[in-house]
Amino acid sequence: MVERDELLAEAVATIVDHLDQVSPWRRDALCREYPDLDWHGRFTELERAVCARCTVRADCLGVGLADETLRRSGGLWGGLDVRERARFVRAGLGPDDVIAGRTPPPGRARTPAKKPKAKRVACDECGGLLPPGRVGLCCGCQTSAAA
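The opening position of the sequence shown corresponds to residue 1 in the working numbering, with each subsequent residue numbered one higher.
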């Protein structure tokens, strides 16, 4: 088990090194100084505060907004979670807008579609209104007709 953990740690280190070469801004990311915080789960104000102080926040958010996989996955990128990033993308706003404090317009409240009311029809015998979906005679007419 120890050997497996060591191999996994080595693989993660290799991936991180590769990412640092591809995205040099990652070396300056403030979140790297806080490895014990939960960057891919439920975020608290603490994680968001770290992002707000980060000098490479715009670069981080740019990746989080541009990369389709990251945009749809969890994780805090540039201080925004997955739902917040989706709102910014739908509104056509980018990292500079976020840093400048611009926000997307509030989403429209989704109301369930109303079912059309069923028409009430008249009883064939007495003309009284039947409940929706019922056709033919009302209960009173059926009883008197059967008698």
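Because the hints were derived from the structure by calculation, they are not lab data.
Quick caveat, the model's predicted, so the values are computed rather than measured.
Be careful, since some hints might not be right.
[Said to hold, decoys possible] Distance windows between CB atoms, simulated:
1. Pro24 x Glu45: 26 to 32 Å
2. Trp39 x Arg120: 24 to 30 Å
3. Ala122 x Arg72: 52 to 58 Å
Where a beta carbon is used, it is the ideal one built from N, C-alpha and C, also for glycine.
Results of checking the hints against the structure:
no., hint, result
1, Pro24 x Glu45: 26 to 32 Å, "29 Å, holds"
2, Trp39 x Arg120: 24 to 30 Å, "59 Å, violated"
3, Ala122 x Arg72: 52 to 58 Å, "55 Å, holds"
The structure does not agree with numbered hint 2 stated previously, though it agrees with all others.
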